[in-house]
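Following the hints, complete the assembly by docking chain B onto the known chain A.
Chains as they are written, first to last, in numbering that gives the first Met the number 0: chain A, 0 to 396; chain B, 0 to 396.
Don't take each hint at face value.
Remember, identical chains collapse to one label, so a pair may be satisfied in a single copy or spanning two.
[As the list claims (entries may be wrong)] Cross-link-like lysine-lysine pairs, in silico, DSBU-like; alpha carbons within 30 Å at most:
id, residue 1, residue 2
1, K252, K61
2, K48, K61
3, K298, K162
4, K34, K48
Think of the hints as simulated: they come from the structure by calculation, not from any bench.
In this text, all values refer to a predicted model and were calculated from it rather than measured experimentally.
2 protein chains.
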Amino acid sequence: MSLNLLDQPGFWQLAARAEKMNPSVIREILKVTEKPGIISFAGGLPSPKTFPVAEFAAACAKVLREDAHASLQYAASEGYGPLREMVAAALPWPADAAQVLITTGSQQGLDLLAKVLIDEGSRILVETPTYLGALQAFAPMQPEVVSVQSDDEGVVIDDLERKAKGARFLYVLPNFQNPTGRTMTEARRAALSGRAAALGLPLVEDNPYGDLWFDAPPPAPMTARNPDGCVYLGSFSKVLAPGLRLGYLVAPKGLYPKLLQAKQAADLHSAGFNQRVVAEVMADGFLERHVPSIRALYKSQQGAMLAAMREHMPAGVSWNTPAGGMFLWARLPEGMDAVRLLPRAVEHNVAFVPGAAFYADHGDPRTLRLSFVTASVDEIRIGVAALAQAIRLAGQK
Amino acid sequence: MSLNLLDQPGFWQLAARAEKMNPSVIREILKVTEKPGIISFAGGLPSPKTFPVAEFAAACAKVLREDAHASLQYAASEGYGPLREMVAAALPWPADAAQVLITTGSQQGLDLLAKVLIDEGSRILVETPTYLGALQAFAPMQPEVVSVQSDDEGVVIDDLERKAKGARFLYVLPNFQNPTGRTMTEARRAALSGRAAALGLPLVEDNPYGDLWFDAPPPAPMTARNPDGCVYLGSFSKVLAPGLRLGYLVAPKGLYPKLLQAKQAADLHSAGFNQRVVAEVMADGFLERHVPSIRALYKSQQGAMLAAMREHMPAGVSWNTPAGGMFLWARLPEGMDAVRLLPRAVEHNVAFVPGAAFYADHGDPRTLRLSFVTASVDEIRIGVAALAQAIRLAGQK
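Isolated chain A, as found in the complex:
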């Protein structure tokens, strides 16, 4: 018996892309944070208080009473028709349900786009920093990932212009971004949309958090300005629940058939039962009543985190105040390193994700991402105080 099969000649020769796959930093970190009693600001886990459990239970019972056979059978790769109609109708531009592809979480949309748009060595552009899951989804197709400079308003247009030549697309998450929480301004969206169209640069616009605004909705998606030049990704994970694994993409009609074929090859279709349950829950306008309660909860939790940060953080720590979403972005004093801080924070029973994980290259080692949605207000107060203490102690070394 061999201890390392991958060393056996002939056996399990890996694809080049797999040789390069390494355990995700976030994954390893989340293992550390599984310590019992820890207060985690690390994962991007929606508050379970927001899961509409009673509505799901009623919908499961109804779907199995009225539509059991179809919901449990193989189904079309495009997704369940009424759900596709609901998605199309809710978009703030005129879209046809025929352009909507239901995916197994919006993560799968990124996987399908990678397969259809990325060759080995293809240049793709991302924000600085960017969503780690997108980097992971694109990586197997072996692109050259190029970071475009980004400021508090979003992508820096001049830098985009310098780097756009030959790029297959720009991946952008304009609303309450993961990891920074920042929102692209209306002016920047107009500029980006115009420049991208002029440059012939497609946009992949990811919008999992757009509904989670606190005081005012964010500006319209860039896809609304140029639907033929964008693929738009959405998710039910943040407004209903992640554990059903349902998201969607909206693609130009010329591109849709290729994404559909990639979808069929990837998992045939997303669970028809889940699609009907979600459609049933949403059928009477439920989200219009439900989502405001998520906004209010997350706003109060963000408020608690900001108050605790102001009270406890030592001088030299800075952070932003996102207008929605799930994350704050913070920066340690000069000379400190968030990766080195993490094990010390865990000793103080608090966890976060070092910002370096979210950069395609040259990460800022002083940054960290703090989720304010999973922990309760009481836990947030305790956790921020503990994190501040860990920072203070680390800074004394």
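Quick look at chain B alone, frame taken from chain A:
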């Protein structure tokens, strides 16, 4: 506004793999067969009579009553622990739950294997004919697919030997194969397993139908003989329901971490709610009571199809008698072509899948796949008579 966006220079430049993606023959055929009132022997759709609807309803209610928050939250990419334990315990060789990866249908297992094991141009070996969905899952990674000669007992060892050099793996579906219904004999399994090990050739063993035997179970999986040299794929689609999209793979410990990373990048994890529902349904040994009723139903439906074939088919049409599963494999008289026959059959309100769709190359145009599980016994009788009439008329031209 452009009618064909893919023609716009700069916009939506496709990956080379996507340029080669073309609509699946099966997909286009299934559209033809959506004509109302048609009797379809085409799709591989399990009989909805076999879906345990009451058990699913009870399990959904219980999971949402007792474990709602965890079942609706993000979860580990490996899958739900108790379900992985159940899968491992049911395998006929000593496997650790740590080797089990829950997938979004077993189709996803093929997608993950393609990503981890196939480089552009990599040689991979398949049976003749083979499962179309596997060809579709492998295609995006651009392998060189090589068909190994196969007879009624399975893969022909001498031909395998000639073609094995440098191959990344042999994909094999030994039980009640899709599309042929054939089962690899014990002697052939022993020979194949031994030769593959000697050649250093990994096996990907797909077993979605193994539980659907009629009179006696098939021989043990080849993975049981050499677990370190095989990846094994299984599914809940045929013993519970396809609409939950749950399958699994069992991988050697050295290979597992790469498949896990590919899984995480593809859709983070399979629906935790569905995994708990399936685990709940299976917890009291339900499958031991349930699966025999599926076997009995499919055996009776196969019997009805065979009887109708004997009664109605013109001379020169031949077919096999699979010992389980969902499909018969038939062959038209010399000079006939199943692709040309299909539209004429549809005019007679009956559909099937031309066998040519299932060959990596040089398909036998006279072959066709007939599913006996979706249509009822009465429909099978009417449909086979109609198909026989269509064949008779086509043969007169």
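A quick look at each hint next to the structure:
1. K252 with K61: neither (34 Å within a copy, 42 Å between copies)
2. K48 with K61: both (23 Å within a copy, 19 Å between copies)
3. K298 with K162: For K298 and K162, neither the intra-copy (37 Å) nor the inter-copy (63 Å) Cα distance is at most 30 Å.
4. K34 with K48: This pair counts as within: shortest intra-copy Cα distance 22 Å, inter-copy 46 Å.
Going through the hint list in order, the structure does not satisfy hints 1, 3.
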